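*Asks:* Sequence:
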Amino acid sequence: EYLKKREVAYDKIYSSPNTCCTQTAQIIAKLFKQKYTTIDLTSRNHGVWQGKSYLEVFKEYNSKALTETPENGEALKDFNKRVSKFINTLIKENKGNRIIVVTTPEVIQAALAKTLELTPENQHKLLIKTGSLTQISYFEGWSSVIYSNFNFS
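Numbering (our numbering), first residue to last: 122 to 274.
A few of these clues could be false.
Said to hold, decoys possible - With beta-carbon atoms standing in for the labels, derived distance ranges: (1) SER205 - GLY252: 23 to 33 Å; (2) LYS213 - ASN183: 15 to 25 Å; (3) TYR131 - PHE179: 34 to 44 Å.
To be verified - Result set (SDA-like, lysine to any residue): computed pairs, CA atoms no more than 25 Å apart in a straight line: (4) LYS202 - LYS156; (5) LYS154 - GLY252; (6) LYS133 - HIS167; (7) LYS180 - GLU242; (8) LYS202 - ASN270; (9) LYS151 - LYS216; (10) LYS250 - VAL266; (11) LYS133 - LYS173; (12) LYS206 - LYS216; (13) LYS250 - GLY262; (14) LYS133 - GLU189; (15) LYS156 - LYS206; (16) LYS185 - CYS141; (17) LYS126 - HIS245; (18) LYS156 - ASN166; (19) LYS126 - GLY172; (20) LYS250 - ARG127; (21) LYS198 - GLY172; (22) LYS198 - LEU211; (23) LYS202 - GLN155; (24) LYS125 - HIS167; (25) LYS246 - GLY217; (26) LYS235 - LYS246; (27) LYS154 - GLY172; (28) LYS133 - PHE207; (29) LYS185 - LYS250; (30) LYS156 - LYS173; (31) LYS206 - ALA186; (32) LYS173 - ASP199; (33) LYS250 - LYS216; (34) LYS185 - ASP199; (35) LYS206 - LYS180; (36) LYS180 - THR159; (37) LYS202 - GLY262; (38) LYS133 - HIS245; (39) LYS125 - LYS206; (40) LYS133 - GLU242.
To be clear, the hints were calculated from the coordinates, so they are not data collected in a lab. Owing to the predicted nature of the structure, the values given are computational and were not obtained by experimental measurement. The beta-carbon is built from N, C-alpha and C at its ideal position, and this holds for glycine as well.
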């Protein structure tokens with residue numbers, strides 16, 4: 122309803138492969154009478170930490186866990202580079218277009234960290250709630266956060 126009320130035309134809709142993302146993308150695509158494209162923009166691989174709560178991970182690794190590379194997992198800086206590269210590709214492919222990317226809070230956090238030039242040690246301070254909206258506008262050589270974590274419910 123929020124997106125519809127904005128009366129903005131979107132050129133493309135993209136979705137991460139996670140079930141919650143594709144289900145949301147289906148709703149948005151139906152609203153705008155468009156198809157969505159599934160993209161390989163997945164959350165960070167947490168390796169042996171997968172499925173553990175932050176409390177459990179912090180108990181074992183303390184605050185170093187924010188930037189440590191979990192066994193069989195992906196370093197936060199590598200995850201950020203992967204997200205950044207993917208965003209740059211989307212920007213290049215959609216120059217001048219308005220797009221919607223339905224993805225996970227962790228990917229949005231990485232995109233915001235890039236835009237705000239946050240270090241990996243500080244990006245955890247960005248809380249992104251599931252089901253919220255974030256708008257980042259990308260221009261030639263720079264980007265700007267318009268709003269983040271907007272909850273329209």
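*Asks:* Next step is simple, just say for each hint if it's right about the structure.
*Replies:* A quick look at each hint next to the structure:
Between SER205 and GLY252 the beta carbons are some 24 Å apart, a value that agrees with the proposed interval 23 to 33 Å. Against the hinted window of 15 to 25 Å, the Cβ-Cβ separation of LYS213 and ASN183 comes to about 40 Å, which falls outside the hint. About 39 Å separates the C-beta atoms of TYR131 and PHE179, a value consistent with the hinted range of 34 to 44 Å. With a C-alpha separation of about 28 Å, the suggested pairing of LYS202 with LYS156 is violated against the 25 Å cut-off.
Note on LYS154 and GLY252: the hinted pairing holds, with a Cα-Cα distance of about 21 Å set against a maximum of 25 Å. Between LYS133 and HIS167 the CA atoms are separated by roughly 30 Å; this puts the pair beyond 25 Å, and the hint is violated. Distance restraint check for LYS180 and GLU242: the Cα-Cα separation of roughly 18 Å lies within the 25 Å cut-off, and the hinted pair is therefore satisfied. Of the pairs offered as hints, the one joining LYS202 and ASN270 holds, with about 22 Å between alpha carbons and a cut-off of 25 Å not exceeded.
Proposed proximity of LYS151 and LYS216 is supported: the alpha carbons are some 24 Å apart, at most 25 Å. Restraint check: the Cα-Cα separation between LYS250 and VAL266 comes to about 16 Å, which is no more than 25 Å; the hinted pair holds. Pair hint LYS133 plus LYS173 does not hold up; C-alpha atoms about 35 Å apart against a cutoff of 25 Å. Restraint check: the Cα-Cα separation between LYS206 and LYS216 comes to about 15 Å, which is no more than 25 Å; the hinted pair holds.
At most 25 Å may separate the alpha-carbon atoms for a hinted pair to count; LYS250 and GLY262 exceed this at roughly 28 Å. Taking the CA atoms of LYS133 and GLU189, the gap is about 36 Å. The hint is violated against a cut of 25 Å. A threshold of 25 Å between alpha carbons decides the hint, and for LYS156 with LYS206 the separation of about 24 Å falls inside it, so the pair holds. Between LYS185 and CYS141, the direct Cα distance comes to roughly 30 Å. Violation of the 25 Å bound is thereby established for this hinted pair.
Annotation: proposed proximity of LYS126 to HIS245 is violated, straight-line Cα distance about 32 Å (limit 25 Å). Between LYS156 and ASN166 the alpha-carbon distance is near 28 Å, which puts this suggested pair outside the 25 Å criterion. Note on LYS126 and GLY172: the hinted pairing is violated, with a Cα-Cα distance of about 38 Å set against a maximum of 25 Å. Distance hint between LYS250 and ARG127 is fulfilled; the C-alpha atoms sit about 21 Å from each other, no more than 25 Å.
The suggested pairing of LYS198 with GLY172 holds, with an alpha-carbon distance near 21 Å, which does not exceed 25 Å. Proposed proximity of LYS198 and LEU211 is supported: the alpha carbons are some 20 Å apart, at most 25 Å. Distance restraint check for LYS202 and GLN155: the Cα-Cα separation of roughly 30 Å exceeds the 25 Å cut-off, and the hinted pair is therefore not satisfied. Between LYS125 and HIS167 the alpha-carbon distance is near 36 Å, which puts this suggested pair outside the 25 Å criterion.
Only pairs whose Cα atoms come within 25 Å are accepted, and LYS246 paired with GLY217 is rejected, the gap being roughly 31 Å. Among the hinted pairs, LYS235 with LYS246 is consistent with the structure: their alpha-carbon atoms are about 14 Å apart, no more than 25 Å. Between LYS154 and GLY172 the alpha-carbon distance is near 36 Å, which puts this suggested pair outside the 25 Å criterion. Among the hinted pairs, LYS133 with PHE207 is consistent with the structure: their alpha-carbon atoms are about 16 Å apart, no more than 25 Å.
Among the hinted pairs, LYS185 with LYS250 is consistent with the structure: their alpha-carbon atoms are about 23 Å apart, no more than 25 Å. Taking the CA atoms of LYS156 and LYS173, the gap is about 35 Å. The hint is violated against a cut of 25 Å. Our distance criterion of 25 Å between C-alpha atoms is met by LYS206 and ALA186, whose separation comes to about 24 Å. A threshold of 25 Å between alpha carbons decides the hint, and for LYS173 with ASP199 the separation of about 21 Å falls inside it, so the pair holds.
Restraint check for LYS250 and LYS216: not satisfied, since their Cα atoms lie roughly 28 Å apart, outside the 25 Å limit. A threshold of 25 Å between alpha carbons decides the hint, and for LYS185 with ASP199 the separation of about 16 Å falls inside it, so the pair holds. As the CA atoms of LYS206 and LYS180 are separated by approximately 33 Å, the hinted pair breaks the 25 Å bound. Restraint check: the Cα-Cα separation between LYS180 and THR159 comes to about 36 Å, which exceeds 25 Å; the hinted pair is violated.
Of the supplied pair hints, the one linking LYS202 and GLY262 holds, its CA atoms being roughly 17 Å apart against a limit of 25 Å. Taking the CA atoms of LYS133 and HIS245, the gap is about 29 Å. The hint is violated against a cut of 25 Å. Proximity of LYS125 to LYS206 is assessed by CA-CA distance (about 30 Å); at most 25 Å being required, the pair is judged violated. This hinted pair does not check out: LYS133 and GLU242 have alpha carbons roughly 33 Å apart, beyond 25 Å.
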